[in-house]
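For the record, in the sequence shown the residue sitting at position 73 is 73 according to full-length UniProt numbering, with numbers rising by one throughout.
Hints listed in this document are in silico derivations from the structure and should not be mistaken for laboratory results.
Every residue, glycine too, gets a C-beta built ideally from N, C-alpha and C.
Errors might be hidden in some of the hints.
[Unchecked claim] Quick list of the computed label-pair ranges, beta carbon to beta carbon:
1) SER119 / ARG43: 20 to 28 angstroms
2) ASP79 / SER139: 24 to 32 angstroms
3) LEU138 / ILE99: 28 to 36 angstroms
[As the list claims (entries may be wrong)] Subject to a maximum C-alpha distance of 30 angstroms in a straight line, what follows is the list of computed DSSO-like cross-link-like pairs (lysine-lysine):
4) LYS76 / LYS133
5) LYS112 / LYS42
6) LYS132 / LYS112
7) LYS132 / LYS74
8) LYS133 / LYS112
9) LYS136 / LYS42
10) LYS133 / LYS101
11) LYS74 / LYS42
12) LYS130 / LYS42
13) LYS76 / LYS112
14) LYS130 / LYS74
15) LYS136 / LYS101
16) LYS112 / LYS130
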Amino acid sequence: MPFKAPAAIYIRVEPGPSQTMLNCIDNSGAALVECALVVGQKRHARIGDRIVVVVQEQRGASSSGMAGISAAAKVKRGDIRHAVVVRTRYPTQRRDGSIVKFDDNACVLLNKSGDPVGSRINGVVGAELKRKKWSKILSMAPMQA
């Protein structure tokens with residue numbers, strides 16, 4: 001009797017890489033997000049990589065003072081969004097031989113067209129974004145490292 005192939009192929013989707021928590025450093029209304037998936041066939045995300053996140057904490061007027069009603073309306077807790085990693089605690093070696101390491105993991109939220117949701121970025125971002133064509137994020141950031 002010949003071997004009969006299955007009619008459908010099932011793909012098992014594993015949860016993301018350890019559900020890392022990242023600070024959201026734009027004024028989109030999110031304060032803390034959880035990484036659900038790294039976009040592309042990668043296991044770990046580096047600076048400039050696109051990820052899928054779930055908003056865990058919303059930035060309220062009481063926590064920071066910089067987000068008002070309009071910022072809170074942009075994203076809500078539980079929203080699933082795309083984001084780009086702008087800082088990592090893991091050391092990154094650059095082409096000139098220097099090694100850069102940040103104090104926290106941080107990201108900037110993106111909309112469906114790939115543009116940043118917020119209009120302002122608070123804090124330093126990695127210079128590796130220039131090589132990965134995220135010039136709009138670099139222009140909004142106050143400083144690059």
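How the hints compare with the structure:
1. SER119 / ARG43: 20 to 28 angstroms: Given a distance of about 33 angstroms, which is not inside 20 to 28 angstroms, the answer is violated.
2. ASP79 / SER139: 24 to 32 angstroms: holds, 25 angstroms
3. LEU138 / ILE99: 28 to 36 angstroms: violated, 21 angstroms
4. LYS76 / LYS133: holds, 28 angstroms
5. LYS112 / LYS42: Cα-Cα ~21 angstroms, so holds.
6. LYS132 / LYS112: holds, 18 angstroms
7. LYS132 / LYS74: Satisfied, since the Cα-Cα distance of roughly 26 angstroms is no more than 30 angstroms.
8. LYS133 / LYS112: Answer holds: LYS133 to LYS112 is near 17 angstroms, not above 30 angstroms.
9. LYS136 / LYS42: holds, 24 angstroms
10. LYS133 / LYS101: Distance ~21 angstroms between LYS133 and LYS101 Cα, so the pair holds.
11. LYS74 / LYS42: Roughly 29 angstroms separates the two Cα atoms, so the pair holds.
12. LYS130 / LYS42: holds, 20 angstroms
13. LYS76 / LYS112: Status holds; Cα separation ~16 angstroms.
14. LYS130 / LYS74: This hinted pair holds, its Cα atoms lying about 26 angstroms apart.
15. LYS136 / LYS101: Distance ~23 angstroms between LYS136 and LYS101 Cα, so the pair holds.
16. LYS112 / LYS130: holds, 21 angstroms
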